[in-house]
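Those sequence lines, one after another, are chains S and W.
Following the numbering used here, the numbering of the first sequence begins with 1 at its first residue and continues without gaps.
Following the numbering used here, the numbering of the second sequence begins with 97 at its first residue and continues without gaps.
One thing to keep in mind: the hints can contain errors.
Residues on chain S that point at chain W, a partial pick, calculated with CB under 10 Å [stated by the list, open to error]:
hint: 1; residue: Met14
hint: 2; residue: Ser23
hint: 3; residue: Leu37
hint: 4; residue: Arg63
hint: 5; residue: Ala86
It is worth saying that the hints were derived from the structure and are not from the lab.
Keep in mind the model is a prediction, meaning the values are calculated, not measured.
Beta carbons are placed, not taken as given, at the ideal position from N, Cα and C, and that holds for glycine.
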Amino acid sequence: MVIDIESWISSFLMFSITIYITSFSLYLVRIIKGPTLPDMVIAIDALGYDLAAFFIVLSVLFRSPILIICAIVLTLWIYALDIYVAKYLEHKELGD
Amino acid sequence: MQETLNLILVIIGQIMVAIGLLCDIIAAILMIRFPNFYVRLHALTIGSIGGAVVPMIGAGLIALGSPFLGDHRWYLAGGAFVAAFFTFILGGAGTHAISRAAYRSKTVVLDPCYVDHLAEDKGEKTC
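Only chain S is shown next, with the shape it has when bound in the complex:
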């Protein structure tokens, strides 16, 4: 039995794009609606980490490794956003 592995992977990843788009739009609702600043920030966190995973799936689908670099940098920037907002909220040095 010969399985065409290329079209199988492509169709599976094409299906996964729809679910990713659905969950992104649900996160966007919380980002726009969020009553306070930390609510928006944790929704942006979840959106950013899922976007990084989506970039890696897309780079397998499009066969171009250039999107991997965007995914790694995006995870680091989301962490930086967390630390910036935490320092802004506490108004003093973190870690004491």
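Place chain W on chain S using the hints.
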């Protein structure tokens, strides 16, 4: 032999990507439905560990088992594993930092509030 190994890698990777999709949609729904900030942190952890780390490792395994990608596949798999490692370490650390800052600055309201052990230990007003 090589074909069988590729097939096993692709199947394990697809199962991990499917688990990630499930966690992702669950976390997105819970982010809407949960009532306050401290409960939404739970949805954030589902979305970052279950919804990002697991499908990143799965996509890396799919890339390892796909000969049609050519020599790019080693690069793709390595980048995917590095991104998964960063997310695994930094997701928890960032979540802890933002929740600590939100509690200490009293930015968020605790509603509905049933118990607050940290305020009890510090001798402040609970609920």
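- request: Kindly indicate which numbered hints from before are broken by the structure, ordering the numbers from low to high.
  value: 1
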